[in-house]
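S.K.: Residues per chain are reported as follows:
Protein chains: 2
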Amino acid sequence: MTVQSFASTAEEARHRIRTNQWRGVTSGVAPGHVQANLAILPRDLAFDFLLFCQRNPKPCPLLEVDTLEDYWQDDLVSFLLGCSFSFEQAMIDAGIPLRHQEQGKNVAMYITNVATAPAGVFSGPMVVSMRPIKRDQVVRAVQVTSRFPATHGAPVHIGSPRDIGIRDLDLPDFGEMVEIKPDEEPVFWACGVTPQAVALSCKPPLMFTHAPGRMFITDHRDADYAVL
Amino acid sequence: MTVQSFASTAEEARHRIRTNQWRGVTSGVAPGHVQANLAILPRDLAFDFLLFCQRNPKPCPLLEVDTLEDYWQDDLVSFLLGCSFSFEQAMIDAGIPLRHQEQGKNVAMYITNVATAPAGVFSGPMVVSMRPIKRDQVVRAVQVTSRFPATHGAPVHIGSPRDIGIRDLDLPDFGEMVEIKPDEEPVFWACGVTPQAVALSCKPPLMFTHAPGRMFITDHRDADYAVL
Numbered sequence: 293m294t295v296q297s298f299a300s301t302a303e304e305a306r307h308r309i310r311t312n313q314w315r316g317v318t319s320g321v322a323p324g325h326v327q328a329n330l331a332i333l334p335r336d337l338a339f340d341f342l343l344f345c346q347r348n349p350k351p352c353p354l355l356e357v358d359t360l361e362d363y364w365q366d367d368l369v370s371f372l373l374g375c376s377f378s379f380e381q382a383m384i385d386a387g388i389p390l391r392h393q394e395q396g397k398n399v400a401m402y403i404t405n406v407a408t409a410p411a412g413v414f415s416g417p418m419v420v421s422m423r424p425i426k427r428d429q430v431v432r433a434v435q436v437t438s439r440f441p442a443t444h445g446a447p448v449h450i451g452s453p454r455d456i457g458i459r460d461l462d463l464p465d466f467g468e469m470v471e472i473k474p475d476e477e478p479v480f481w482a483c484g485v486t487p488q489a490v491a492l493s494c495k496p497p498l499m500f501t502h503a504p505g506r507m508f509i510t511d512h513r514d515a516d517y518a519v520l
Numbered sequence: 293m294t295v296q297s298f299a300s301t302a303e304e305a306r307h308r309i310r311t312n313q314w315r316g317v318t319s320g321v322a323p324g325h326v327q328a329n330l331a332i333l334p335r336d337l338a339f340d341f342l343l344f345c346q347r348n349p350k351p352c353p354l355l356e357v358d359t360l361e362d363y364w365q366d367d368l369v370s371f372l373l374g375c376s377f378s379f380e381q382a383m384i385d386a387g388i389p390l391r392h393q394e395q396g397k398n399v400a401m402y403i404t405n406v407a408t409a410p411a412g413v414f415s416g417p418m419v420v421s422m423r424p425i426k427r428d429q430v431v432r433a434v435q436v437t438s439r440f441p442a443t444h445g446a447p448v449h450i451g452s453p454r455d456i457g458i459r460d461l462d463l464p465d466f467g468e469m470v471e472i473k474p475d476e477e478p479v480f481w482a483c484g485v486t487p488q489a490v491a492l493s494c495k496p497p498l499m500f501t502h503a504p505g506r507m508f509i510t511d512h513r514d515a516d517y518a519v520l
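Residue numbers (the working numbering), protein chains in the order written: chain A, 293 to 520; chain B, 293 to 520.
Since the hints were derived computationally from the structure, they do not count as laboratory data.
Since the model is a prediction, treat every value here as computed from it, not as a measurement.
Honestly, I wouldn't trust all of these hints.
Repeated chains share a single entry, so a pair holds when one copy, or any two copies, can fit it.
Taking lysine to any residue pairs in the SDA-like style, the calculated list, with each CA pair at most 20 Å apart, reads [stated by the list, open to error]: (1) Lys350 <-> Tyr517; (2) Lys350 <-> Ser438; (3) Lys350 <-> Asp460; (4) Lys473 <-> Pro323; (5) Lys495 <-> Ala409; (6) Lys350 <-> Leu520; (7) Lys426 <-> Gln313; (8) Lys495 <-> Gly396; (9) Lys350 <-> Ala515; (10) Lys350 <-> Asp385; (11) Lys350 <-> Gln395; (12) Lys350 <-> Asp516; (13) Lys397 <-> Gly320; (14) Lys350 <-> Asp465; (15) Lys426 <-> Glu303.
Isolated chain A, as found in the complex (with noise of 0.2 Å):
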């Protein structure tokens, strides 16, 4: 099954998910609907983390915070916070096209060596997703992911990957390498990533998340997130 067969509508995807019937990657399922990552965490660390993505709102834009303390033993809080999956569908209708989605693949991301602003027990480096963007077009992809600041919004970097810390393209922390053509520069947007290398960074002593690539696919609709 392919994705471009699985998609379909948010409540659909999430049944095919559950029942086992798709464990891949969510890049470009449920077209329109805003995709989130997710961290859980011990309510006694959950002030720290609430802070720390109020602190962070580039690579942890926090969507939603559910307690889950009324049907789970221990108590826990989870977080989902925005994925840069939900400006893609914006970046395809602009004429942007991606890469890993056009190959079926997972997008790249890398272990940058920018800091985050340390809240309470969370510290740590800031993840970045990657894609190859022709030199013609990156104006337009800054000027289109600028309108979703709840989805991680405009790149950080642009170009030389060195610059950030990554010392080699094709050894991604997360995800899958795309090849990068002669016309192209890659483009780094921060990631919802962050908040697992923050983990092993400062390793709290108990805290579930997504796997990069594969998330919460909400009700809700990207254009709604949508600032302009």
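The hints should help you fit chain B onto chain A, whose structure is shown.
M.R.: Same frame as chain A, now just chain B:
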């Protein structure tokens, strides 16, 4: 001393306010610098309030959270929320006059019948600020303020005050009324005085806030909070 003669650097503005040389509203003071609403709460309410702000980003766009516990005897946490004064300079630059600034008045603010999204103990009505805008400039006002989602962003309502539960524009709940001319519409933006209305509604045991219109003046530049 008028606002105009008082306007200076952010640091000088804070000094004159601390030393009681200025006790007026701060609209137009230290142009270009981000001004903020202030709320201070006991630590045991801080998670609920942080969540309340996250769920109500239009009236309560959180700029910063400072813990004062290092040098205050009680266990207090301060929240600085974005203020619509940040986009007023952008409106003036776009040729949209602001009557309350021209007349040296505080902006008119109203408690609406629009409910905020509850978080923990916090719930209550949204407060809005109102500016009369010429009909042929309303679209431009929407565009200019949409660039500033961290300082209330686009209007929440245009036109008929009754639609949002305001019975009489001549009787603002906070600030001062200004005249609305026949070729103008009242335009309403979500307002950082919302926590005050929420506090009156849900009555936390302890909460400090700023006085409406008399903001905390930061060293940050308004332009840094624009998404475009």
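S.K.: Would you mind marking each hint as holding or not holding in the structure?
M.R.: Going through the hints against the structure:
| no. | hint | verdict |
| --- | --- | --- |
| 1 | Lys350 <-> Tyr517 | both (14 Å within a copy, 13 Å between copies) |
| 2 | Lys350 <-> Ser438 | both (11 Å within a copy, 18 Å between copies) |
| 3 | Lys350 <-> Asp460 | neither (23 Å within a copy, 41 Å between copies) |
| 4 | Lys473 <-> Pro323 | neither (27 Å within a copy, 46 Å between copies) |
| 5 | Lys495 <-> Ala409 | within (16 Å within a copy, 32 Å between copies) |
| 6 | Lys350 <-> Leu520 | both (17 Å within a copy, 14 Å between copies) |
| 7 | Lys426 <-> Gln313 | neither (35 Å within a copy, 56 Å between copies) |
| 8 | Lys495 <-> Gly396 | neither (33 Å within a copy, 53 Å between copies) |
| 9 | Lys350 <-> Ala515 | both (18 Å within a copy, 17 Å between copies) |
| 10 | Lys350 <-> Asp385 | neither (23 Å within a copy, 28 Å between copies) |
| 11 | Lys350 <-> Gln395 | neither (27 Å within a copy, 39 Å between copies) |
| 12 | Lys350 <-> Asp516 | both (18 Å within a copy, 14 Å between copies) |
| 13 | Lys397 <-> Gly320 | within (11 Å within a copy, 52 Å between copies) |
| 14 | Lys350 <-> Asp465 | within (19 Å within a copy, 36 Å between copies) |
| 15 | Lys426 <-> Glu303 | neither (35 Å within a copy, 45 Å between copies) |
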